[in-house]
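*Asks:* Protein chains in written order, with the numbering used here: chain A, 1 to 328; chain B, 1 to 299; chain C, 1 to 335.
It is worth saying that the hints were derived from the structure and are not from the lab. Predicted model only: the values in this text are computed from it and were never measured. It cannot be assumed that every hint is accurate.
[Unchecked claim] Residues from chain A shown here face chain C by an in silico Cβ test under 8 Å; the list is partial:
1) Ser-46
2) His-124
3) Leu-158
4) Gly-161
5) Ile-191
6) Leu-264
[What the hints assert, rightly or not] Straight-line alpha carbon distances no greater than 25 Å define the calculated DSS-like cross-link-like pairs of lysine-lysine that follow:
7) B/Lys-29 / B/Lys-119
8) B/Lys-119 / C/Lys-197
9) C/Lys-78 / B/Lys-119
10) B/Lys-119 / B/Lys-134
11) B/Lys-203 / C/Lys-88
12) B/Lys-119 / C/Lys-35
13) B/Lys-203 / C/Lys-80
14) A/Lys-18 / B/Lys-29
15) C/Lys-35 / C/Lys-80
16) B/Lys-203 / C/Lys-119
Every residue gets a Cβ at the ideal spot worked out from N, C-alpha and C, and that includes glycine.
The primary structure of each chain is shown beneath.
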Amino acid sequence: MTKQAPGVRIDGLTVVYKTPAGELPAVRGVSLELPPGSITGIVGESGSGKSTLALSLLNAVQPPGRISAGSVDIDGLGDVVGLAGEQLRKARGRHIGYVFQAAQNSLNPLKTVGKQLLDLGRSHGVEDLRGLVREAKDLLGRMGLDGARVLDSHQHELSGGMRQRVGIMLALVLNAHLVVLDEPTTALDMITQANILKIVREVHDERGLTTLVITHDIGVVAEVADRLAVMYGGRLVEQGPTREVLASPEHPYTRGLIRAIPRLVGDIDEAQALPGRPPTLATVPKRGCVFRERCALRMDVCDDVDPEAILRGRRTVACHAVAVKEHA
Amino acid sequence: MSVLLESSSTTAAMRRNFWSGVWRVMRRKPSRLVGAVLMVGFVFMGVFGPMFYPDPLPRDVNQLTAPPSWQHWLGTDDQGRDVVALVITGSRYVLLAALVTAVITVVLGTGVGLYSGFKRGRWDTVLMRITDMKLTIPGLPLLLVLSTVWKFNSAVQMGLVLGLLSWGGVARAVRSQTLSLRERGFIEAARGLGLPTTHIVGKELLPSMAPYIAMNMLIAITGGVYAQVGLFFLGVLPYESNNWGQMLNTAVFRSGALTVPSGLGFLLGPLLAILLLTLAIVLVVDAMDEIFNPRLREE
Amino acid sequence: MITGTGVVKTYKQRGKVLGAREVQALRGVDFAIPKGGAASFIGESGCGKTTLGRIIAGLETYDGGEVAIDGVSMTELKPKQRQPHFRKIQMIHQDPYSALNPTRTIHQTLYAPLSLRAKQTGRPASWIEGRATEVLSLVGLDPATVLSRYPHQLSGGMRQRVVIARALTVDPEMLVADEAVSMIDVSLRLGILALLKDLRERLGVSVLFITHDVATARYIGDDGELYVIYRGQVVERGPVDTIIADPVHPYTQSLLSAIPVLHGLEQPGEHPVMPLESLNESQSDEGCLFARRCPFRAERCTTERPLLRITEAAPQEHACFYPERRSVIARPMEV
């Protein structure tokens with residue numbers, strides 16, 4: 001049974017959270033395509049809606065949040081927004097593997113990794129459990145771990161990097177070909193991070209996956225992703241091929257974000273923090289551009305009109321200033 | 001100068017903020033308001049209630065163990081006394097004893113728990129062994145034994161004994177809270193800044209545990225009520241004054257309220273009082289977390 | 001000036017009834033941070049850098065060696081006597097969320113240490129309020145809006161600034177920033193780093209920066225010293241820019257190679273170094289501590305431990321028998 005890497009088309013996705021102040025959008029009108037076999041990185045700060053977007057891929061947004069509009073169309077599955085109950089549960093794991101943040105909270109501290117693997121297999125009706133264990137050992141071995149030992153271990157016996165690899169194994173062991181990694185390297189050391197990213201890249205190529213990486217760290221995306229999508233205040237502000245976006249960012253936020261990364265070489269004063277602070281669910285503007293408060297290119301139109309995502313070559317950018325430049 | 005003026009009124013302003021926050025929290029759910037009103041009612045009952053009735057209560061010899069009527073809302077007892085009047089006059093002993101129990105439980109429990117958890121080391125071991133020993137003493141049998149020598153004439157005495165028997169759990173819980181809080185950054189920072197221990201315990205640790213302590217206090221009140229009502233109900237204590245437990249005892253064992261319908265009011269009176277008090281406390285406990293947490297208070 | 005000589009810290013591993021294993025968190029570390037100077041400790045988690053920082057801030061004790069503040073040795077002093085010395089060294093915690101008491105307003109948070117300070121220095125109570133607004137302005141916050149707030153009403157970056165302001169209330173000589181920006185939004189990190197640098201320049205406070213991200217270590221200033229720590233031992237030490245540009249210890253080279261390359265803007269170094277296996281505390285203590293993971297290890301490395309020293313190979317101190325320069329870090333693309 002060989003599956004093809006599925007493509008994913010997110011269209012006009014809006015996710016709202018119910019708060020005392022009414023329903024506020026955490027993700028608003030996001031359209032994004034994950035081409036089959038690609039690694040896409042979504043970058044955003046806290047409150048940008050990147051994790052909510054990732055959860056929407058599994059239709060796993062928890063109340064008080066709900067998907068209020070849009071669709072998530074996955075090859076071989078259809079629109080997951082319409083799935084529910086048993087169908088949805090089967091889809092998770094079988095089709096979509098989800099690796100939680102540094103895999104620290106997703107493992108049961110009371111059970112060995114092996115037991116959790118068997119639980120996972122049983123809940124998905126896997127008949128050949130031996131085969132499942134063999135597959136898991138292969139995967140762990142592939143990632144440089146001693147499979148048998150790891151399956152016999154409890155969570156606390158594993159280091160952060162090992163847990164993360166276990167997380168990746170659990171996401172892939174049911175032969176899912178769409179994988180979502182949520183902050184795969186947060187709280188990990190640089191060397192461990194480099195290892196994990198290398199593994200992600202290699203496993204992706206070997207197994208023919210479509211991978212989505214969610215992170216706040218542009219460096220992580222730069223290292224692994226083919227395509228880069230930048231989120232801010234629940235909106236997708238810029239997306240395109242990673243190298244292109246990094247080499248010549250168009251959206252003022254992307255530019256600011258790249259400038260704000262401490263670098264090893266070059267003039268220290270060249271790197272600068274963005275003024276202001278990222279918006280929260282409650283403070284994100286309801287009308288107009290979400291980034292205008294911190295933007296150096298702010299115009300009158302930004303206050304009232306939400307910038308449309310415009311296609312520029314292989315990228316899209318949602319910014320009035322960029323659109324004006326285009327016409328000029 | 002303006003800064004100075006502004007800050008000298010900060011404390012007052014904050015206090016005002018706190019109470020307006022409390023009001024917001026209470027208003028959020030009507031049930032909490034009901035609880036608060038009930039609670040105020042009970043306090044009023046305990047403090048002023050007995051003043052409205054002559055002591056001893058008048059007896060209506062024509063109506064012994066009478067069923068509820070317009071004249072006697074919950075009927076009368078076997079001596080012809082009004083049940084409502086009995087419940088109200090009896091509330092003072094019950095509530096006062098329960099309050100004393102709760103105060104002692106919380107003060108002692110919090111004190112021991114805080115000291116143990118904060119100091120760690122040898123004192124911690126000693127105090128926790130004592131606490132464990134205390135926790136293994138079965139409360140009710142000990143009370144039964146105690147009641148053979150001690151008459152518990154005053155409510156304070158009763159509360160004292162009950163309180164001394166029930167602080168163990170709170171001490172254990174407060175200790176574990178303290179242990180986890182003292183590892184938090186802000187406690188470490190306070191130590192690094194050289195702030196005195198009194199400040200760290202009084203201003204940093206205690207406020208963080210306030211909802212927890214307040215909750216324990218309220219729950220200790222119900223515990224105190226149950227324990228003493230139970231004692232009186234079992235009839236192991238002689239009773240000179242009115243008491244809900246003693247009423248239950250008389251209703252069940254002397255008036256046969258469980259079989260004779262006319263004694264039902266007599267039985268229901270104190271039961272209703274205990275039920276309402278518990279309800280009031282449960283409803284108010286629900287608001288504690290939000291009252292003491294500035295974030296929840298505001299939203 | 002704070003100095004340490006041969007600082008040793010040993011933890012007993014708990015939970016093992018028989019043969020409680022001892023873990024050496026620090027194996028004789030020397031350091032010196034001059035008044036107004038700057039230093040960075042870098043290394044993987046578990047390397048001992050945080051333990052060392054906590055010892056310097058007086059939050060933890062040490063088992064051997066000596067720590068001296070302004071020439072006064074801390075080893076012989078009783079805890080009560082140490083306190084006034086360690087007050088001069090303030091810790092900035094990694095997590096600005098737990099570093100502030102959620103039940104207290106910023107005003108209350110600053111007031112307590114300030115009133116203590118007023119008492120110590122014989123200043124009037126009126127000084128407190130002025131100083132509170134002063135320290136908040138120093139860290140770039142608007143006192144009028146921040147003072148009456150609770151921590152949860154502030155963003156992570158603002159909270160970290162309040163934490164720094166609180167540290168400033170006791171007129172410290174040194175700030176110890178333990179991963180102080182790792183929990184702060186990316187777009188705001190540089191703001192905090194710049195603030196620390198600014199405080200150094202304006203107030204003459206020395207800054208000790210503890211991090212696993214070497215790039216952030218640069219931002220304390222180019223006169224800063226970098227200590228690369230591995231398994232409780234300093235393996236390389238020297239001026240920040242020298243070590244980043246020309247590391248000679250394979251461990252430092254691995255750390256620097258691991259920093260993500262911004263493809264499109266940068267090109268990777270020519271000879272990146274990847275350690276052979278991941279950090280394992282239970283590896284043998286014999287020989288060079290890094291030997292098991294070192295791609296360049298030789299016979300000698302497994303039997304003899306190299307000491308920190310200077311050779312002709314490099315201007316900085318290093319603990320490696322075979323120091324060699326390798327181009328490991330990413331360089332900006334030539335346009």
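*Asks:* Look at each hint and say if it fits the structure.
*Replies:* Structure-based check of all given hints:
no.: 1; hint: Ser-46; verdict: 6 Å, holds
no.: 2; hint: His-124; verdict: 31 Å, violated
no.: 3; hint: Leu-158; verdict: 11 Å, violated
no.: 4; hint: Gly-161; verdict: 6 Å, holds
no.: 5; hint: Ile-191; verdict: 5 Å, holds
no.: 6; hint: Leu-264; verdict: 5 Å, holds
no.: 7; hint: B/Lys-29 / B/Lys-119; verdict: 40 Å, violated
no.: 8; hint: B/Lys-119 / C/Lys-197; verdict: 38 Å, violated
no.: 9; hint: C/Lys-78 / B/Lys-119; verdict: 17 Å, holds
no.: 10; hint: B/Lys-119 / B/Lys-134; verdict: 21 Å, holds
no.: 11; hint: B/Lys-203 / C/Lys-88; verdict: 23 Å, holds
no.: 12; hint: B/Lys-119 / C/Lys-35; verdict: 35 Å, violated
no.: 13; hint: B/Lys-203 / C/Lys-80; verdict: 21 Å, holds
no.: 14; hint: A/Lys-18 / B/Lys-29; verdict: 18 Å, holds
no.: 15; hint: C/Lys-35 / C/Lys-80; verdict: 24 Å, holds
no.: 16; hint: B/Lys-203 / C/Lys-119; verdict: 18 Å, holds
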